[in-house]
Amino acid sequence: MVNPANLPSRGLSFEEIQKSQLWLHGPTRLMNEVDVQSTEPIPLECLKELRVKDRELLALNVSEHSKNGIGAIMSVERFSSFERLIGSTAILLSFLGILKSKLRRSNDVASMEELKREAEDLWIRDVQEKLIKSEWKGQFDLFLDENKLWRCGGRIGNAGLSYDVLHPILLPKGHWFTLLVVRRAHQRVGHSGVKDTLTEVRSRYWIPQGRSFVRQYIRRCVVCRRYNASSYKSPSAPPLPESRVQQSFPFSAVGVDYAGPLWIKQNTYISNSATRRRTPYSHILCVGKVWVCLFTCCVTRAVHIDIVSDFSSYCFLQCFKRFIARRGLPARVISDNGSTFKSAAKTL
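Quick note on UniProt numbering: the sequence shown kicks off at 1 and runs consecutively.
In short, the hints are calculated from the structure, not lab data.
Note that this is a predicted model, so its numbers are computed, not measured.
Among these hints, one or two may not hold up.
[To be verified] Quick list of the computed label-pair ranges, beta carbon to beta carbon:
#1 Lys-148 <-> Ser-75: 15 to 25 Å
#2 Asp-121 <-> Asn-3: 35 to 45 Å
#3 Gly-174 <-> Lys-148: 54 to 64 Å
#4 Ser-80 <-> Arg-219: 13 to 23 Å
#5 Ile-264 <-> Lys-233: 45 to 55 Å
#6 Thr-300 <-> Ala-229: 36 to 46 Å
#7 Arg-211 <-> Gly-153: 18 to 28 Å
#8 Arg-220 <-> Leu-99: 33 to 43 Å
#9 Lys-130 <-> Arg-211: 47 to 57 Å
#10 Arg-215 <-> Arg-322: 58 to 68 Å
#11 Gly-174 <-> Arg-204: 15 to 25 Å
#12 Ser-162 <-> Ser-236: 52 to 62 Å
#13 Arg-219 <-> Ser-162: 29 to 39 Å
[Unchecked claim] Derived lysine-lysine pairs resembling PhoX-like cross-links, with alpha carbons at most 20 Å apart:
#14 Lys-289 <-> Lys-265
#15 Lys-148 <-> Lys-130
#16 Lys-137 <-> Lys-116
#17 Lys-116 <-> Lys-100
#18 Lys-173 <-> Lys-137
#19 Lys-321 <-> Lys-342
#20 Lys-137 <-> Lys-148
#21 Lys-173 <-> Lys-130
#22 Lys-173 <-> Lys-195
#23 Lys-137 <-> Lys-100
All residues carry an ideal CB built from backbone N, CA and C; glycine is no exception.
Turn these sequences into a full structure, and let the hints guide you.
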């Protein structure tokens, strides 16, 4: 049977196409009248058999998808967070619920919180059906709850804790869904260590060898590695100067610095014009500040402490004179770049 649309591409001229009945009227089968009475009717039994086969095929497809679980419709590896996985699954369940409500002609639509809980249960059942091992049922005293989720038993059932803590949901170690659960727990505790993350996970789930699994995840966490990494490698410490390692007399080389301020109480004096003397009144006190001038020997680490009343270079020079009178003149004095020490160095 020749397609009329192919005639121009078969080398026919314009005049030949105008004379062609196939181009003008189409195939001859379409031009012939069809005798409806001559056609044989299809038996009703055959139609019933076809409908039954279609229903069986549809039921077979639905049962296969239900056996495979939610993982046959959505791939958990495509999601990077637990919230996105549960949210996307909840939207899918909401769409299916709207279709069912239209078929049933009802307005009963579940809330988003209920859909999220149902979505989480769907993924947990899908993970458990594929990876739950038979030996775990005896090891963890597993049992099915009302939502058909495998939970762990134990001997702390009488403790005053929540049901999820007493009987946590069992999750396999190497599944991507388990990784998303650990990632959410690690973010909830503010990227804390293994102990806090594992405690957050075990508030609802139980992972065999969970501590090692959480430790492996934290080692790969980008935020934790960025926070714990050092900006640069610390250089090696240089050798100590000669004034600190060579044997010498105490306070031959000293370091000096200030500490404080310290608050003190001091008596006030009232001058008597008749006797021209200052009379102390111990009951009249005022609060003042002093600083500690600290001298340390660079070799023996001996300490000399004196008190100064202010930060002036004059007070420091007086303190330094008292130090020399008591300990002797040092060969070297080391200090920071404080204005007091720089001014005293210029004076000396």
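Hints and how they fare:
At roughly 23 Å, the beta-carbon separation of Lys-148 and Ser-75 lies within the given 15 to 25 Å, and the hint holds. In this structure the supplied range 35 to 45 Å is violated for Asp-121 paired with Asn-3, their Cβ-Cβ distance being about 56 Å. Evaluation of the 54 to 64 Å hint for Gly-174 and Lys-148 yields a failure: the beta carbon distance comes to about 22 Å. Taking 13 to 23 Å as the suggested C-beta distance range, the pair Ser-80 and Arg-219 conforms, at roughly 18 Å.
At about 47 Å, the beta-carbon gap between Ile-264 and Lys-233 stays in the expected band of 45 to 55 Å. Between Thr-300 and Ala-229 the CB atoms are about 41 Å apart, so this pair conforms to the stated range of 36 to 46 Å. Judged by the Cβ atoms, the range 18 to 28 Å given for Arg-211 and Gly-153 holds: they are separated by roughly 21 Å. Judged by the Cβ atoms, the range 33 to 43 Å given for Arg-220 and Leu-99 holds: they are separated by roughly 41 Å.
Separation of Lys-130 from Arg-211 is about 24 Å and departs from the stated range, judged on CB atoms against 47 to 57 Å. Checking the proposed 58 to 68 Å range against Arg-215 and Arg-322 shows it holds: the Cβ atoms sit about 60 Å from each other. Evaluation of the 15 to 25 Å hint for Gly-174 and Arg-204 yields a pass: the beta carbon distance comes to about 19 Å. At about 54 Å, the CB distance of Ser-162 to Ser-236 agrees with the hint of 52 to 62 Å.
Judged by the Cβ atoms, the range 29 to 39 Å given for Arg-219 and Ser-162 holds: they are separated by roughly 30 Å. Annotation: proposed proximity of Lys-289 to Lys-265 holds, straight-line Cα distance about 9 Å (limit 20 Å). Distance check on the hinted pair: Lys-148 and Lys-130 sit about 14 Å apart at the alpha-carbon level, within 20 Å; holds. Taken as a hint, the Lys-137 and Lys-116 pair is broken in the structure, with Cα atoms around 27 Å apart against an allowance of 20 Å.
Distance hint between Lys-116 and Lys-100 is fulfilled; the C-alpha atoms sit about 18 Å from each other, no more than 20 Å. Restraint check: the Cα-Cα separation between Lys-173 and Lys-137 comes to about 15 Å, which is no more than 20 Å; the hinted pair holds. A C-alpha spacing of about 17 Å is found between Lys-321 and Lys-342, which places the hinted pair at or below 20 Å, so the restraint holds. With a C-alpha separation of about 14 Å, the suggested pair Lys-137 and Lys-148 falls inside the 20 Å cut-off, and the hint holds.
A threshold of 20 Å between alpha carbons decides the hint, and for Lys-173 with Lys-130 the separation of about 12 Å falls inside it, so the pair holds. For the given pair, Lys-173 sits about 17 Å from Lys-195 by alpha-carbon distance, which is consistent with the 20 Å threshold. Between the alpha carbons of Lys-137 and Lys-100 the distance comes to roughly 37 Å, so the proposed pair goes past 20 Å and is violated.
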